[in-house]
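Enquirer: Each chain is listed here by its residues.
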Amino acid sequence: MTKVRIFVTYKQSVFDPQGETIKDAIHTLGHDEVKDVQVGKFFDVTVEGTGKVVEKTIEEIADQLLVNFNMETYKYQVMEEE
Amino acid sequence: MKIAVIVFPGSNCDIDLYEALHSVCHADVEYVSHKEKSLDGFDAVMLPGGFSYGDYLRAGAIARFTNIMPAVTKMAKEGKPVFGTCNGFQILTEVGLLPGALKRNNSQKFVCKTVPLEVVNNQTMFTKQYKEHERIALPIAHADGSYFADEETLDRLEKNHQVVFRYAEENPNGSLRNIAGITNERGNVLGMMPHPERAVEAILGNTDGLRLFKSLLTTGNAKVEE
Amino acid sequence: MKQAMTPEGIKEQKPYLDWSLSEDEYNYISEKLLGRLPNYTETGLFSAMWSEHCSYKKSKPVLRLFPNKNSRVLQGPGEGAGVVDIDDGQAVVFKAESHNHPTTVEPYQGAATGVGGILRDIFSMGARPVASLDSLHFGELSDPKMRMKVDGTVRGIGDYGNCMGIPTIAGETTFDPCYQGNILCNAMSVGLMDQKDIQKGKAAGIGNAVMYVGAKTGRDGIHGATFASADFSDENATQRSAVQVGDPFMEKLLLEACLEVITKHPDWLVGIQDMGAAGIVSSSAEMASEGKSGMELNLDLVPQREPNMSAYEIMLSESQERMLLCVNKGHEEDVKKVFDFYDLEAVTIGRITEGHDYVLYHDGQEVCNIPVSSLTDDVLEEASDEKKPERIITAEKQPAWKPEIADAEQTLRVLLQQSTIADKSVFYQQYDSQVRTSTVVGPGSDSGVLRVRGTQKGLSMTTDGNGRFVYLSPEIGGQIALVEAAANIVASGAEPLAITDCLNYGDPNDPEIFWELHQSVKGMADACRVFDTPVISGNVSLYNENNGKAIHPTPMVGMVGLVKNIDRVIPSFAQHAGDKVYLVGKTGDDFAGSELQKMMTGDISGVLNPLDMEHVHDYMQRLLSEMQAGNVASAHDLSEGGLGVGLAENLFKTDLGMNVDLHDLSAAQLFSETPGRFVVTVPAEKAAEFEKTMGDDAKLIGEVTNSHWLEAHLADAEINQNVTELQKLWEEAIPCQLKSKD
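Protein chains in written order, with the UniProt record's numbering: chain A, 1 to 82; chain B, 1 to 226; chain C, 1 to 742.
With the rest of the complex left out, here is chain A:
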């Protein structure tokens, strides 16, 4: 079993109004040192198997369902393997 976390965000070029709003809120708290906020979502997925097989599964579900490549991009991270 492998636990994988998949992160989905807007592509760099896509305007992220939610991130902008949150950045403004952070600035009103006095943290002007915060220069950028990007909002995204993550999916914790538990997959049977390990290694390359899991990577293939993750890439397929990201491509087919989790990510809309018109505006989004993704990365993933293996959290736990057993």
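Worth flagging that the hints you see were computed from the coordinates, not collected in a lab. Computed from a predicted structure; not experimentally measured. Note that CB positions come from ideal geometry on N, CA and C, so glycine has one too. Take these hints with a grain of salt, some might be off.
Label pairs and their computed distance ranges (CB to CB) [as the list claims (entries may be wrong)]:
no.	chain 1	residue 1	chain 2	residue 2	range
1	A	Gly51	C	Lys216	29 to 39 Å
2	C	Ala4	A	Glu81	34 to 44 Å
3	A	Val39	C	Gly207	48 to 58 Å
4	C	Glu333	A	Thr46	31 to 41 Å
5	C	Arg305	A	Glu20	29 to 39 Å
6	C	Asn298	B	Asp150	56 to 66 Å
7	B	Asp150	A	Gly40	11 to 21 Å
8	A	Val39	C	Lys216	23 to 33 Å
9	A	Glu81	C	Lys549	51 to 61 Å
10	A	Glu81	B	Glu169	52 to 62 Å
11	C	Gly89	A	Ala25	48 to 58 Å
12	B	Glu169	C	Pro307	50 to 60 Å
13	C	Asn547	A	Ile22	28 to 38 Å
35 Å max Cα-Cα, derived DSBU-like pairs, lysine-lysine [claimed, not checked]:
no.	chain 1	residue 1	chain 2	residue 2
14	B	Lys37	C	Lys264
15	C	Lys728	A	Lys23
16	C	Lys336	B	Lys37
17	B	Lys109	C	Lys653
18	C	Lys739	B	Lys113
19	C	Lys264	C	Lys564
20	C	Lys336	C	Lys264
21	C	Lys598	C	Lys699
On the provided structure of chain A, position chains B and C as indicated by the hints.
Expert: Showing chains B and C alone in chain A's frame:
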């Protein structure tokens, strides 16, 4: 012309589309469940507004995997009229029948109001009863209506006259180039965020959407030739 | 499954006191009802079922004052929602419910699940929900935390209703410091049905199945019912477990599946009920009680979202989007097939049994065996002490407050920017008000109006509550709540049919608060009799307090009216230049509790003047007959801000103006809030007929003009204002406050 209105789990403007076609336009229309696999016998298909699958993941992202969608795609490929409003538009972009994507509104909020639109292209099978550059007003009601595509795609859409409706005064959601509705290159697939089916009866205060359905219905069974 | 405590341990350690069951009640249950000590699970069930939220044990004596019958009422209080005959074999179904405590703690989910709960009440009756309304009372927008709560509440209502595809077409939003620590979120839902489909929450017929449908059960909202029956302090603001999370997509599927079973397969179904407050226990016990049946449930069969839930947790969970069905034996698989189509669970969890016992099994053991009636019918009603509040006794002796208006024009401009009066479109534009394409009049009018598809009929609906009036003079305030609602309905050209209510008060153990409850309900009940609008459903929300300070007593009236001819719906905006302008109803010095008083003095004071309800009812009936005869172009009911604000509102979003002669009114009276008044515009050629019917109750005050200016000539002042500018002030007031960075 026999028209199918697809009912996805969570569709909620299906009745509005159906009634606009049935009660107001007296067209031959039927509800078709997302579980069906065929649209044989139908001349046109419409994807209603609503929240298919709760808009979970992304608006329209899950509906695209339902049984009926290959049949919708087949009709689009055959040049038959395919129309999606609101959630229907989102589904059409998710399945790739229309370019681009619909993002969360810039305001981050759902917005329901009537907005002025410009009919940019009145040469489509959906808009031929409107005048060129005519100003109309249609209701919008969405949280994810901000049209996005890369610059190249946007330029191509404009060059090919695929932008059919544009927000005419304020831009209510942040759509790039004020885009409210587009067709595919061939012109037989129209997706738009505004709801023409909500504007077909005087009693409800607006009839600007009626000519969209009338345009299509007077097209008869004609297909767009390649 | 082992019980968490032995019966003896419960008797000694009294954990039930934390669940709001009193020692007297516990002893009564042990000695009189059971003749033994209740076990842990049973004690938990009793504490939930005997809470005020489920049993109305404190408010029942007062609720009996309400009339709840007339020739149109098909179902009064006691079921999921009330039902009223609207002719042609059709019926309108409606109810309002408060979700104040959950919304105060977690505005988004609290408001969302408030909407979800009330919708289930409607479709459990067999009706399709066709409209939602809300009544929201917040603290002042100057508080940044309150702005976040307002935002969350509005998004919660919008997201749930929008996803369900049910238009939110009317409502009210007010602001007062008394709601700062305890906001009020009341949601109302209206459904339409054929009378033949009316359902009851009933379980009967030995051997018939008890079926659980919808979402799985988790640990959310355990003891929400008792939570709603205890007051707030900052200390328990962290009781987040009491907040449930809504899933409108699941509810949309549940709605379609339930209506399919109800309308297409009536022979399968004995009864159906929403699992609302106190979850499975209240729905199943109430259904068994209604059917005079016994019931056996196996809790191991209940679909569960979390492992290792105790019987107590399963029974009391307030997980959302669940319903309980009683299904005729042999049709269980049929029902399951319908729910399967919608990808919903439908599981038989028990049977109707002989006798009248309520028996539960968990982990193969019997965990509860008590008479059904002990949970539902044997609850001890509580007599409450009452005392007229000192503040009212003192206020009655004081001279009435009289405003001095130095600048009438400036007063009007500032009044239009008061958050309670100002434009609310920034909120209601987040609600889909048009889905189902039947909304003839949407938000921003006196009432919302729907057409009934396939007929000439329409339904008009409104919510109204003014805590300030009730706080000053509970009985008259209660009357005004009803009169205001009726005025909103009549302004649209509809005939008031019936009402639902949410009674929002503080801690009823305080004799002054109980007195307020009693007096205001008496006022409402008397007004209901005069207007022949019985109370067909409703709910009571007590303990609305924060750190020992109660909200203003705020009874909310939700009223529905019948439009006989949808082509004769009356708009609330002026229509044509040259139309005559009338003021319907007499204007007095009604400044106590007014927006003017709040604005000028920062507070409210005084007592209300008595109201001649019979007279108001009489001229409203005549006004309605003139509307139905086609003699009225527009009508707007006058409330907060009085005639001055009403005239301006009548012109907003038009190109028109008005020139009115008000020489027998003072500048102050322009803002008096005498209830039951209207500004009405009438085509010149209909004026004679209108005047003949209305007699002294309508006074010609001027004419609609083309100028887009509001000109009013008062005894001691002149008003000459550009309507575009007034509208801008009115529209920008709330967005401007919401954007404030303070």
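Enquirer: Please flag the earlier hints that this structure goes against, numbers listed from lowest up.
Expert: none
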